[in-house]
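Q: So you can see what is in the structure, the chains are spelled out below.
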Amino acid sequence: MTTTVDTTRALDRERGLALLRQMTLIRRFEEKCVQLYSAGTIRGFVHLYIGEEAVAAGAMRALTPDDAVVSTYREHGHALARGIPTRAVMAEMFGKVEGCSGGRGGSMHLFDVGSRFYGGNAIVAGGLPLALGLALADDMRGRDAVTACFFGDGAVAEGEFHETLNLAALWRLPVLFLCENNLYAMGTAIERAQSQTDVALRASSYEMPAWSVDGMDVLAVEDATRAAAEAVRAGGGPHFLELRTYRFRAHSLYDPDRYRTKDEIRQWMQRDPLPAFVERMRAAGSLTDADVTAIEDEVAAEITDAVDYAQSGHEEPVTSLTRWVYSDAGAGT
Amino acid sequence: MGEFVMPSLGADMTEGTLLEWLVKPGDEVHRGDIVAVVDTDKAAIEVECFEDGVVAELLVPPGTRVPVGAPLARFGDGAAAPAVAAPTPAAPAAPAAPAAPAVASPLVRHLAHTAGIDVSTVNGTGPDGVVTRADVEAARVAVPLPRPDTAAPGRRVPASPLARRRALDLGIAIDTVAGSGPNGSVTVADVDAAAAARNAPSTPEAEATHAEAPQQPPTPTVTVPAETSAADRNAAMRRAIGELMARSKREIPHYYVTTTIDLSAALSWMRDVNTRRPVSERLVPAALLLKASALAARAVPELNGFWVDDHLERCDHVHLGVAVSLRPSGLVAPAILDADILDLDTLMKGLRDVVTRARSGRLRRTEMTDGTLTVTNLGDNGAESVLGVIFPPQVALVGLGRIVERPWASGGMLAARPTVTATLSGDHRATDGHAGSRYLAALDDLLQSPEKL
Amino acid sequence: MNTTYREAIRSALSEALESDDRVFLMGEDVGRYGGCFAVSLGLLEQFGPDRIRDAPLSESAFVGAGVGAAMAGMRPIVEIMTVNFSLLALDQIMNNAATLLHMSGGQCAVPLVLRIPTGGGRQVAAQHSHSLDGWFAHIPGLRVVTPATLEDARGMLATALADPDPVLIFEHASLYPMSGSLDDDAGPVDLDRAAVRRHGTDVSLITYGGTLPMTVEAATTLQDDGIDAEVIDLRTLRPLDEATVLESVSRTHRAVIVDEGWRSGSISAEVSARIIEGAFYELDAPVARVCSAEVPMPYAHQLEQAALPSADRVVAAAREVVGAHG
Numbered sequence: 001m002t003t004t005v006d007t008t009r010a011l012d013r014e015r016g017l018a019l020l021r022q023m024t025l026i027r028r029f030e031e032k033c034v035q036l037y038s039a040g041t042i043r044g045f046v047h048l049y050i051g052e053e054a055v056a057a058g059a060m061r062a063l064t065p066d067d068a069v070v071s072t073y074r075e076h077g078h079a080l081a082r083g084i085p086t087r088a089v090m091a092e093m094f095g096k097v098e099g100c101s102g103g104r105g106g107s108m109h110l111f112d113v114g115s116r117f118y119g120g121n122a123i124v125a126g127g128l129p130l131a132l133g134l135a136l137a138d139d140m141r142g143r144d145a146v147t148a149c150f151f152g153d154g155a156v157a158e159g160e161f162h163e164t165l166n167l168a169a170l171w172r173l174p175v176l177f178l179c180e181n182n183l184y185a186m187g188t189a190i191e192r193a194q195s196q197t198d199v200a201l202r203a204s205s206y207e208m209p210a211w212s213v214d215g216m217d218v219l220a221v222e223d224a225t226r227a228a229a230e231a232v233r234a235g236g237g238p239h240f241l242e243l244r245t246y247r248f249r250a251h252s253l254y255d256p257d258r259y260r261t262k263d264e265i266r267q268w269m270q271r272d273p274l275p276a277f278v279e280r281m282r283a284a285g286s287l288t289d290a291d292v293t294a295i296e297d298e299v300a301a302e303i304t305d306a307v308d309y310a311q312s313g314h315e316e317p318v319t320s321l322t323r324w325v326y327s328d329a330g331a332g333t
Numbered sequence: 001m002g003e004f005v006m007p008s009l010g011a012d013m014t015e016g017t018l019l020e021w022l023v024k025p026g027d028e029v030h031r032g033d034i035v036a037v038v039d040t041d042k043a044a045i046e047v048e049c050f051e052d053g054v055v056a057e058l059l060v061p062p063g064t065r066v067p068v069g070a071p072l073a074r075f076g077d078g079a080a081a082p083a084v085a086a087p088t089p090a091a092p093a094a095p096a097a098p099a100a101p102a103v104a105s106p107l108v109r110h111l112a113h114t115a116g117i118d119v120s121t122v123n124g125t126g127p128d129g130v131v132t133r134a135d136v137e138a139a140r141v142a143v144p145l146p147r148p149d150t151a152a153p154g155r156r157v158p159a160s161p162l163a164r165r166r167a168l169d170l171g172i173a174i175d176t177v178a179g180s181g182p183n184g185s186v187t188v189a190d191v192d193a194a195a196a197a198r199n200a201p202s203t204p205e206a207e208a209t210h211a212e213a214p215q216q217p218p219t220p221t222v223t224v225p226a227e228t229s230a231a232d233r234n235a236a237m238r239r240a241i242g243e244l245m246a247r248s249k250r251e252i253p254h255y256y257v258t259t260t261i262d263l264s265a266a267l268s269w270m271r272d273v274n275t276r277r278p279v280s281e282r283l284v285p286a287a288l289l290l291k292a293s294a295l296a297a298r299a300v301p302e303l304n305g306f307w308v309d310d311h312l313e314r315c316d317h318v319h320l321g322v323a324v325s326l327r328p329s330g331l332v333a334p335a336i337l338d339a340d341i342l343d344l345d346t347l348m349k350g351l352r353d354v355v356t357r358a359r360s361g362r363l364r365r366t367e368m369t370d371g372t373l374t375v376t377n378l379g380d381n382g383a384e385s386v387l388g389v390i391f392p393p394q395v396a397l398v399g400l401g402r403i404v405e406r407p408w409a410s411g412g413m414l415a416a417r418p419t420v421t422a423t424l425s426g427d428h429r430a431t432d433g434h435a436g437s438r439y440l441a442a443l444d445d446l447l448q449s450p451e452k453l
Numbered sequence: 001m002n003t004t005y006r007e008a009i010r011s012a013l014s015e016a017l018e019s020d021d022r023v024f025l026m027g028e029d030v031g032r033y034g035g036c037f038a039v040s041l042g043l044l045e046q047f048g049p050d051r052i053r054d055a056p057l058s059e060s061a062f063v064g065a066g067v068g069a070a071m072a073g074m075r076p077i078v079e080i081m082t083v084n085f086s087l088l089a090l091d092q093i094m095n096n097a098a099t100l101l102h103m104s105g106g107q108c109a110v111p112l113v114l115r116i117p118t119g120g121g122r123q124v125a126a127q128h129s130h131s132l133d134g135w136f137a138h139i140p141g142l143r144v145v146t147p148a149t150l151e152d153a154r155g156m157l158a159t160a161l162a163d164p165d166p167v168l169i170f171e172h173a174s175l176y177p178m179s180g181s182l183d184d185d186a187g188p189v190d191l192d193r194a195a196v197r198r199h200g201t202d203v204s205l206i207t208y209g210g211t212l213p214m215t216v217e218a219a220t221t222l223q224d225d226g227i228d229a230e231v232i233d234l235r236t237l238r239p240l241d242e243a244t245v246l247e248s249v250s251r252t253h254r255a256v257i258v259d260e261g262w263r264s265g266s267i268s269a270e271v272s273a274r275i276i277e278g279a280f281y282e283l284d285a286p287v288a289r290v291c292s293a294e295v296p297m298p299y300a301h302q303l304e305q306a307a308l309p310s311a312d313r314v315v316a317a318a319r320e321v322v323g324a325h326g
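Protein chains in written order, with this note's numbering: chain G, 1 to 333; chain D, 1 to 453; chain F, 1 to 326.
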């Protein structure tokens, strides 16, 4: 069950620039996060997406604004690619009122209901049932929307994964399951955790179409996602994509990388989606050095602006601590 | 270009150890290059730099532990040729922890430390002579801590928070009140009873003598329905008392005899007994007076009974009615059953019990109807004497005034003695003043030999 | 109108489904089977399978689906067959329903209603009999209510559906057959206030849910001893109506808390702590508690009865705090 989507079609320059810019923004944003974390400005857990940018950049381009997105705790890339302003995401990293979750969520809980981005969910597989419910509501109200649900390979071991896939297929709900298989559930390699490591095969046992896609190839990701999303939208019930990818950094910032070899990391870095895509565009004659410089400069300016914005943002007064525990601010305990 | 500092590699990291430099002065570095390895206690982490430049100076040699944010190296733009400076530690290396004694677990060492015991001096009884928790505890017992040189600590009286608050308001020492609540705790009713029984010494306006006070209770109308308001309940109570007292005065031809009794023997005996008792078990004068009143009734049985169908029905037992005043006003006279045969402690407990329950409206019907002779004891805050109204169908009532110190002539000598004025109200249909006089004489006799009470 | 607790809930469900097309009922065997306790009997025929949804045995998935659907504008009523099964959905209840509003900075309200039968007394042993209502009351972000009367069975659902946040309704299984009369026009009731079910002056008996009937019975028995007991029905375990409890205890000066949950770390512990915090100087006796014995619920009748609170135990506890021993 590998992808049947043709990714060899001519590379449209505008599409390529957009994808490259998106991946570059995610990469540089996270590199800035590392620096800010090292300086003690950003705290908590910070799960970096570096290495996996092609998945978010490709998949999000295949969705419409009416579609809903449910994500994981490694979701800076998803949030940026979905179009949440870089300023709002950075301000959230700083814990400021101007953050996309008002400073209450942090790195793992980026929300933006306006773009139907229903959050980073930090319980592995905990977001899958939510996606089911969002799709159920859209289905019952007759809305033409797909719910795209991101999760990692670790989620496949959870009961909620299987409950949700079964129910989605049983009720033919418009969910697009996007499994980012980066081969490790924190420090546990997939072959040390799962009896059947072919994730798409397992999903297909729930009577839903499932493919594996090269998650380091941004064009392949976009094309596959578009095909699957259209099939879901056409009433084909839930679909499943396994996006094979790899994270270059530790599970969470500065976790020890004891569970994998430097060689393995180096090998995967050979396939870094950013330089690979730059090469591909150059080869197709769709990219110049000036384009790359322009993108880097734009992105750098955007990030500098976002950091300035976050730094000058407001800290919520602690007197508002219990706000948003209930919708009614006066609700007691 | 600037300083390369010890990075924060986790929310719980406050310092780290520089394990290894991967660059040396003069090396060119680029943003993202791994330049050093730092030990965070959780792991050895490769750390990167965030700027391009040239390493000018390494400030910290490998093996040095420094706080987060401390400079580790200086980067330049490469213009100035870097001299290979002798690395100077930015912070002194943390002294190595002293080798932990192999003889004890961390818990045991901690226990020893808090007990002020040098664990190396403790003889270990565990495997291979390891010092165990039991060893440390034994060592602690062997070296007794100095005890505070206080007298035997006073037992804390169990009392409800409300009782303590009320006692504070009324100026009553909680440890002088006996408890009737759960586990013998002092309840608010106990405090109120104590306050009524032993308020501040008499004040001029309380000195009125020979006042006639109604003290007889209405029959069980005290338990009026809970729905009615306090004001309604009080009005009903006053009406009931009024009707009963009017009936008594209408039907019973009262006579009164009075005598004053020297209480010095009784009170001195009581004080003597009390010095040997814990505060909560100490006797109060009321117990002696009630017990003597009950025993005197046995000596003059024609005063202990009922006037029924135009004749006196004597009773074999003495159920001693005790007048209890209620708030805001009102009276009941529940009986302490068989008061003549109860020992003083039991009698005192019974008294507190009926007072408590009288004030919370939970008296039993038999207590309200079975009294054979009633005592009204004005207590510390009362007048000097009382000529009471008999509670029908009883045939007598004993009125006891406040205990007053009076000049007392005895054996040709004058002395100040504590005294009480006792008045017997008798029903002339049943007895004459002679019986009343014999009763008072018996009472006097009993109180002169308190040890027999 | 003469009715039962079960019928009162069914009638509330029916009314909610009729009046708001965003409302649907989802759970195990709520449709064709008619509900494990026959609460939803007949609703499938009336409203169809789209709105009366039989879910597979996937508590986490269908409770989470309720959370997601609520976020997307629906008003789901999710039934979990018994409280012990709710543990399979605890991730969705605790980590999502209770937290989404807060961690999204106010963006994701979750107007979800969970109906959960609870409690023991039916000899169904250690995996179907527990009272975990108090556990859930520990969680900020949830509202936890425990209808114990016909009026509340009929009236709490509508108010819960109107609440913008998740509401857990714990229905004690022993109450379903309870019958009595209910006003024909009985309507929504508040979810904020405790109710004084019986006025009294000597001791406050504080309870909720399935133990309300036995507590009222105990108060009647105590009356014969001359002890005038007040009975407080908490109704809502979160937020706790502290004011009503403290006002009552400040009048009676004594409290007995009756809770079918285990005593350690229970809602009775919380109520007791609130009394100590708020009415310490009004207390004339230690706060007493009557709770379930700390054992998994046994099957054998006499053992189960010994494990559960009873009117006799309530009477004994009340006598003790009032000081009327024996």
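Incorrect hints may appear among the rest.
Listed below are the simulated DSSO-like cross-link pairs for lysine-lysine, each with C-alpha atoms no more than 27 angstroms apart in a straight line [claimed, not checked]:
1. G:Lys262 - G:Lys96
2. D:Lys452 - G:Lys32
3. D:Lys452 - D:Lys349
4. D:Lys349 - G:Lys262
5. G:Lys32 - D:Lys349
6. D:Lys452 - G:Lys262
7. G:Lys96 - G:Lys32
For the chain F half of the interface with chain D, some residues (derived, Cβ under 10 angstroms), not all of them [to be verified]:
8. Val23
9. Ala158
10. Ala162
11. Pro177
12. Gly180
13. His253
14. Glu320
Derived from the structure by calculation, the hints contain no laboratory data.
None of these values were measured; they are calculated from a predicted model.
Just so it is clear, CB atoms sit at the ideal spot from N, CA and C, and this is done for glycine as well.
Q: Now tell me if each hint is right for this structure.
A: Here is what the structure says about each hint:
| no. | hint | in the structure |
| --- | --- | --- |
| 1 | G:Lys262 - G:Lys96 | violated (37 angstroms) |
| 2 | D:Lys452 - G:Lys32 | violated (96 angstroms) |
| 3 | D:Lys452 - D:Lys349 | holds (19 angstroms) |
| 4 | D:Lys349 - G:Lys262 | violated (85 angstroms) |
| 5 | G:Lys32 - D:Lys349 | violated (80 angstroms) |
| 6 | D:Lys452 - G:Lys262 | violated (100 angstroms) |
| 7 | G:Lys96 - G:Lys32 | holds (17 angstroms) |
| 8 | Val23 | violated (44 angstroms) |
| 9 | Ala158 | violated (34 angstroms) |
| 10 | Ala162 | violated (37 angstroms) |
| 11 | Pro177 | violated (33 angstroms) |
| 12 | Gly180 | violated (24 angstroms) |
| 13 | His253 | holds (5 angstroms) |
| 14 | Glu320 | holds (6 angstroms) |
Hints 1, 2, 4, 5, 6, 8, 9, 10, 11, 12 from the earlier list are contradicted by this structure; the remaining hints agree with it.
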